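My request is simple: use the sequences and hints to build the entire structure.
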Amino acid sequence: MCDTCGCNVTHGNEGLIRPGGKLHKTDSGKEAVTVLHSLLHENDHTASHNREHFDQHNVLAINLMSSPGAGKTALLEATIQQLGEDKKIAVIEGDLETENDAERIRKHGVKAIQIATGSACHLDAHMIHQALHELDLSEYDVVFIENVGNLVCPASFDLGQHLNVTLLSVPEGDDKPAKYPVMFRTSDLVLISKSDLLPVLDDFKPERAKGYLRDIASTAPVMQLSSKDKSGMLQWMDWVSEQIAARKTYLEKHPVAAGHHHHHDHDHEAVRT
Amino acid sequence: MHELAICQSLVDRVEDIALERNAESVALIVIAVGPLSGVEASLLKNAYPMASVGTVAENAELVIQNLPIRVRCTQCGSESEAKPNKLTCKQCDDWRTEMISGDEMMLMSVELEGADQMKSQTLQ
Chain F
1 MCDTCGCNVT HGNEGLIRPG GKLHKTDSGK EAVTVLHSLL HENDHTASHN REHFDQHNVL
61 AINLMSSPGA GKTALLEATI QQLGEDKKIA VIEGDLETEN DAERIRKHGV KAIQIATGSA
121 CHLDAHMIHQ ALHELDLSEY DVVFIENVGN LVCPASFDLG QHLNVTLLSV PEGDDKPAKY
181 PVMFRTSDLV LISKSDLLPV LDDFKPERAK GYLRDIASTA PVMQLSSKDK SGMLQWMDWV
241 SEQIAARKTY LEKHPVAAGH HHHHDHDHEA VRT
Chain A
1001 MHELAICQSL VDRVEDIALE RNAESVALIV IAVGPLSGVE ASLLKNAYPM ASVGTVAENA
1061 ELVIQNLPIR VRCTQCGSES EAKPNKLTCK QCDDWRTEMI SGDEMMLMSV ELEGADQMKS
1121 QTLQ
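Just so you know, the sequences run in chain order F and A. Quick note, the first sequence lines up with residues 1 to 273 if you use the numbering used here. Quick note, the second sequence lines up with residues 1001 to 1124 if you use the numbering used here.
Treat the hints with caution; some may be incorrect.
[Unchecked claim] DSS-like cross-link-like pairs, simulated, lysine-lysine; straight-line CA separation at most 27 Å:
(1) F:Lys87 with F:Lys253
(2) A:Lys1083 with F:Lys205
(3) F:Lys205 with A:Lys1090
(4) F:Lys87 with F:Lys230
(5) F:Lys88 with F:Lys230
(6) F:Lys205 with F:Lys230
(7) A:Lys1090 with F:Lys210
(8) F:Lys210 with A:Lys1083
(9) F:Lys88 with F:Lys248
(10) F:Lys88 with F:Lys253
(11) A:Lys1045 with F:Lys179
(12) F:Lys88 with F:Lys107
(13) A:Lys1086 with F:Lys210
(14) F:Lys228 with F:Lys88
(15) A:Lys1086 with F:Lys205
(16) A:Lys1083 with A:Lys1045
(17) A:Lys1083 with F:Lys179
(18) F:Lys205 with F:Lys179
(19) F:Lys228 with F:Lys210
(20) F:Lys111 with F:Lys87
(21) F:Lys228 with F:Lys87
(22) F:Lys230 with F:Lys210
(23) F:Lys228 with F:Lys111
(24) F:Lys107 with F:Lys228
(25) F:Lys248 with F:Lys87
(26) F:Lys210 with F:Lys179
(27) A:Lys1045 with F:Lys30
(28) F:Lys179 with A:Lys1086
(29) F:Lys88 with F:Lys111
(30) F:Lys111 with F:Lys248
(31) F:Lys107 with F:Lys230
(32) A:Lys1090 with F:Lys179
[To be verified] A partial selection of chain A residues facing chain F, derived with a Cβ cut-off under 7 Å:
(33) Ala1027
(34) Leu1036
(35) Leu1087
(36) Leu1107
(37) Leu1112
No lab work stands behind these hints: they were computed from the structure. Source: prediction; values computed, not measured. Cβ atoms here follow ideal geometry from the backbone N, Cα and C, with glycine treated the same way.
Written as C-alpha cells, this is what we have:
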C-alpha cells in the first residue's frame, strides 16, 4: 500500500496500472478522473480508526478466521480458561443468526459483544466500530474478534485488527491453503486445530499443510493444537502473550496521539451485549 | 457474496466523486482487480446493476482490468509471473517471494458527463 493516499499502487505495480494524467478529456468530451483508491476505501479508513482505538488503550486485537466448525469458539473457551487469569480478555463475536457463541464465552465470565451479521458473510470495520462502543478498552489486554465462519469473504475486509489467526481443522483436509490462498495469505499464524483427530484422520499431514502454505509464500508459523485434549495450548498462549507484550513495547516507542473524540450520530442496532 | 458489499462501496465512492464535480451522470468506471484480491470480477459485474440502481452511476459501463500476479524472489532477486496458489520463484523455486502485483482491488478512474470544469484538479 502506498504511504500517501492509502491506495494499493506500489513501486512494483505502478507501471502496470497507472495511466496518463490525473484528469484528462476523453475524445467524446467526457471528463476522466483518475482515482486510484482501494474499492474498500471507506472500510479501510474505519479499520485504521478502530486500530487507533485499540492502540490508544494498549490493547492487542486478534482476528480469528476459519471455515464454519473449525473450532474458533472452542479455542476461545480453552484460551479463556487457561489464559484468563493472567490476561484480561474480551471477545467480539460475529455470527449469522444466533447468540450461541457469545453465550458460550459469557459462561466463562468474559465480556462478549455479539454482532448479528444477519445474512452477511463477513464482519466489516463498521461493525467492529459499533461493537467498540460497547467495550471499555481500558479494561483489557487483548480483544479477540471471532469472524464469521467462512474462508472467502472475511479475508478482504480489514477490521482494524493487529493480527490474523486462521484455524485449519484436521477434518477439513490439509490442502485448504492451496484452495483458499487469499485467506491464508493474510494469516500471521495458522493453527491446525482438532489435532486430537490426527490419529484417526491420518490422511491429514501437517507437513503437507505447511508445504501448501509455503507455496503461497506465507511466512506464518504453524502450530498444532486441540482445545479438547489441550495439547499445543501452551505454545499458542505463549504466542498470544508474546504478541501482547510486543504490541505494548511497540506502542511505548511509538505512542498514539490522545484526544480522539467520538460523534455518536449513528445507531447501534446491530450490537447486543 | 461479499462482492455486493464491495460494489456498494464502489458506488458510494463514485457517487461522491460525481457529486464533488457536479456531474450529471457517470459514463464509465474502470477498476482493476488481481486474482489474489479476493474479488471475483464476474460477481462484481453481476452485483453492479443492483448496487447502482437509482444512483448517478446507474447506467455507467463497468470495465474491469484483470491484473497479473507477479512476484519478486527475496533470495535470487528475479521477478516472475505466478499462479494464485503457487507463488514460488520460477527461477530458483524458493518460496520466499514478495508480491509485486496481483492482490489489488482498485477504483482506477471514472468518466463523468456534464462535470463542473471549474473544480479543483485533484481529488485528495
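So, going through the hints one by one against the coordinates:
In summary, the hint linking Lys87 of chain F to Lys253 of chain F is supported, as the alpha carbons are separated by about 22 Å, within the 27 Å threshold. Restraint check for Lys1083 of chain A and Lys205 of chain F: satisfied, since their Cα atoms lie roughly 23 Å apart, inside the 27 Å limit. As the CA atoms of Lys205 of chain F and Lys1090 of chain A are separated by approximately 26 Å, the hinted pair is consistent with the 27 Å bound. Proximity of Lys87 of chain F to Lys230 of chain F is assessed by CA-CA distance (about 18 Å); at most 27 Å being required, the pair is judged to hold.
For the given pair, Lys88 of chain F sits about 20 Å from Lys230 of chain F by alpha-carbon distance, which is consistent with the 27 Å threshold. For the hint linking Lys205 of chain F to Lys230 of chain F, the alpha-carbon distance of about 20 Å falls within 27 Å, and the restraint holds. For the hint linking Lys1090 of chain A to Lys210 of chain F, the alpha-carbon distance of about 20 Å falls within 27 Å, and the restraint holds. Annotation: proposed proximity of Lys210 of chain F to Lys1083 of chain A holds, straight-line Cα distance about 18 Å (limit 27 Å).
The suggested pairing of Lys88 of chain F with Lys248 of chain F holds, with an alpha-carbon distance near 14 Å, which does not exceed 27 Å. For a cut-off of 27 Å, the pair hint linking Lys88 of chain F to Lys253 of chain F stands: about 23 Å separates their Cα positions. Between Lys1045 of chain A and Lys179 of chain F, the direct Cα distance comes to roughly 23 Å. Compliance with the 27 Å bound is thereby established for this hinted pair. This hinted pair checks out: Lys88 of chain F and Lys107 of chain F have alpha carbons roughly 15 Å apart, not beyond 27 Å.
Among the hinted pairs, Lys1086 of chain A with Lys210 of chain F is consistent with the structure: their alpha-carbon atoms are about 13 Å apart, no more than 27 Å. The hinted pair formed by Lys228 of chain F and Lys88 of chain F meets the criterion: a straight-line CA distance of about 22 Å does not exceed 27 Å. Proposed proximity of Lys1086 of chain A and Lys205 of chain F is supported: the alpha carbons are some 19 Å apart, at most 27 Å. For a cut-off of 27 Å, the pair hint linking Lys1083 of chain A to Lys1045 of chain A stands: about 23 Å separates their Cα positions.
At roughly 12 Å between alpha-carbon atoms, Lys1083 of chain A and Lys179 of chain F fall within 27 Å of each other, so this suggested pair holds. Distance hint between Lys205 of chain F and Lys179 of chain F is fulfilled; the C-alpha atoms sit about 16 Å from each other, no more than 27 Å. Taking the CA atoms of Lys228 of chain F and Lys210 of chain F, the gap is about 23 Å. The hint holds against a cut of 27 Å. Annotation: proposed proximity of Lys111 of chain F to Lys87 of chain F holds, straight-line Cα distance about 13 Å (limit 27 Å).
Between Lys228 of chain F and Lys87 of chain F the alpha-carbon distance is near 21 Å, which keeps this suggested pair within the 27 Å criterion. Restraint check for Lys230 of chain F and Lys210 of chain F: satisfied, since their Cα atoms lie roughly 21 Å apart, inside the 27 Å limit. The straight-line distance between the Cα atoms of Lys228 of chain F and Lys111 of chain F is roughly 22 Å, inside the 27 Å bound, and the hint therefore holds. Taken as a hint, the Lys107 of chain F and Lys228 of chain F pair is honoured in the structure, with Cα atoms around 17 Å apart against an allowance of 27 Å.
Our distance criterion of 27 Å between C-alpha atoms is met by Lys248 of chain F and Lys87 of chain F, whose separation comes to about 13 Å. Taking the CA atoms of Lys210 of chain F and Lys179 of chain F, the gap is about 13 Å. The hint holds against a cut of 27 Å. Only pairs whose Cα atoms come within 27 Å are accepted, and Lys1045 of chain A paired with Lys30 of chain F is accepted, the gap being roughly 23 Å. For the given pair, Lys179 of chain F sits about 11 Å from Lys1086 of chain A by alpha-carbon distance, which is consistent with the 27 Å threshold.
With a CA separation close to 10 Å, the supplied pair Lys88 of chain F and Lys111 of chain F stays within the 27 Å bound. Pair hint Lys111 of chain F plus Lys248 of chain F holds up; C-alpha atoms about 22 Å apart against a cutoff of 27 Å. Only pairs whose Cα atoms come within 27 Å are accepted, and Lys107 of chain F paired with Lys230 of chain F is accepted, the gap being roughly 19 Å. A C-alpha spacing of about 20 Å is found between Lys1090 of chain A and Lys179 of chain F, which places the hinted pair at or below 27 Å, so the restraint holds.
Contact between Ala1027 of chain A and chain F, as hinted, is supported at the beta carbon level, the nearest pair being about 5 Å apart and thus within 7 Å. Hint on Leu1036 of chain A holds. Least Cβ distance to chain F is approximately 6 Å, under the 7 Å limit. At about 4 Å, the closest approach between the beta carbon of Leu1087 of chain A and any beta carbon in chain F falls short of 7 Å, and the interface hint on this residue holds. With its C-beta approaching chain F no nearer than about 5 Å, Leu1107 of chain A sits inside the 7 Å limit, and its interface hint holds.
With a least beta-carbon distance of about 5 Å to chain F, the hint placing Leu1112 of chain A at the interface is held under the 7 Å criterion.
Against the hints set out earlier in the document, no violation occurs for any number.
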